Amino acid sequence: MNTPATRRSRWSGPAWTAAAAVLALLTWQLATVQWGWVSTARFPAPAEVWAAFGQIAGEGYGNARWLEHVGRSVLLVTMGFVIASSVGVVLGLAMGASRRVEALVNPVFLILRPIPPLAWIPLAIVWLGLGDAAKIMVIFVAAFVPSVINSYAGVRQIDRPIFEAAAMLDVTGWRYWREVLVPGALPSIFTGLRLSLQASWTTLVAAELVGAVAGLGSILNQAAQDIYPAMILVGMASVAGCGWIMTQGLAWLERRVAPWKAH
Amino acid sequence: MIGPALPRREFWRLTAAGAVGALALWTVAALSGITPRQFLPAPWEVVARLAQLMVEPFVGHTLPVHLASSLQRFGSGFLLAVAVGIPLGLAMAWFPVLDRLVTPLFEAVRFVAPIAWVPFAALWFGTGIGGPVLIIFAGAFPPVLINTYRGAHNVDRKYIEAAQMLGAGAFRSMTQVLLPAAVPSIVAGLRISAGLGWQSLVGAELIVASSGVGYLMVKGQAAVSTSTVMAGMIAIGIVGLLIDMALRRLQARIEQRRGL
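If you read the protein sequences in the order shown, they are chains V and S. Per our numbering, the first sequence starts with residue 1, numbered consecutively. Per our numbering, the second sequence starts with residue 1001, numbered consecutively.
Source of the hints: derived by calculation from the structure; they are not laboratory data. Each hint should be verified, as a subset may be incorrect.
[As the list claims (entries may be wrong)] Rough simulated footprint, nothing fancy, chain V against chain S, three-plus residues with beta-carbon under 8 Å:
#, stretch
1, 1105-1116
2, 1121-1129
3, 1197-1204
4, 1209-1222
5, 1237-1250
[As the list claims (entries may be wrong)] Chain V stretches covered by chain S per the calculated footprint, using a threshold of three residues with CB under 8 Å from any CB of chain S:
#, stretch
6, 113-120
7, 125-132
Given the structure is predicted, the values throughout are model-derived calculations rather than measurements. Cβ coordinates follow ideal geometry from the N, Cα and C atoms, glycine included.
Could you put the whole structure together from the sequences, leaning on the hints where they help?
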């Protein structure tokens, strides 16, 4: 039987990934330099990107070196994400566990939910200016909603017999949270955390594009103003790389904390 | 144990308490004078501002005109994502070589936040319509592609074999076997796409645009008019909700017709 799982594993070997990467690099090089299909004023050649990376890593670009930009963005995302997801998960679990809390909180939540995180950026700037506080506020808003929704859904997906067993064994209070709600909802909580983390990155980059002293978004902003395509690409690759590494980190954490959920 | 659904009266009492409580908190904070009213307007001032923007132009247009130009951009980017994503997803499900080559590249590019395309959008298209469309495309494309691919990929093998036995070629197999089978998955993907696309558009308009509801908010921010910014947020939320409702109805209809 040709199930999706077996087909997938046969279809995506590391050799094919390497082949795709080499093919892409080769096409990129040929199209920009040899054949001149794409003007390097519009899209940089590989060598230019490498040079731009050397420049930002060594002497710096846009007020800071590459590591400082990355460090600042990662720090802000981590702070906003950790605060938002800790509050969000607790609130989501409480909403899942109690229909009263759900009824009380839901109206506010229903109003805030459709507003995209990026739409909070102007408000954050009016309130908190262009500094770090505004960025943490937007990241908070972005990361909060997915953690709440998925933690809530996670509790509601716990099998009924588990609740019945807990009730029969008189598991209440702190133990009820630690041994019933959290483990039961954990797979869904992690889905929420992954979405939260992605939203945090997108929002931070947007906020930094609107205005920032340093950070990945400010590389992009500065490079756009200087019309420096190679540096734009360095900025984009940095955004993608950091997002990828943090997602992998979360997946690692999930395997440690919830090993029973095959991934 | 999570109790049974609350009695209707208690549910509504709590819901009302939550809504009124939040509004009261906001009102008290606004009236207390902790911050100037310009920074934190009272709820009714935001509603009044929203009503005013409906008829009175701000930075060139009234709110409905700004919304219309946002929606036009959104429509172009979203349709482009659909027009590229569905055929590519079907082709990837049909031709393994394409899948093997495209998937790693796609996975690499997917981690670039849509908004990070802004500098290239500005460089390639200036302030024309192309820039925002590129950014919406970057947001809306991945879910369409992924869901089309998954839907087509999971087609029951029997149908493909039957089609091949009856002499269907690649094109007919893709359009008449894979596509219909993938429709529920595609529509689910469209809802995610529309949400991400709408959000990316708002972000794009904050940076590169000279009309649209995102632009209105940036100008409101520059004028330190919090009520304008909040009115813009409400308008964005409502339109986003309407788009999602329309797609949800489409989804319900399709599922109903298929007896799902």
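> Checked against the structure, which of the hints given earlier come out wrong?
Replying inline: none
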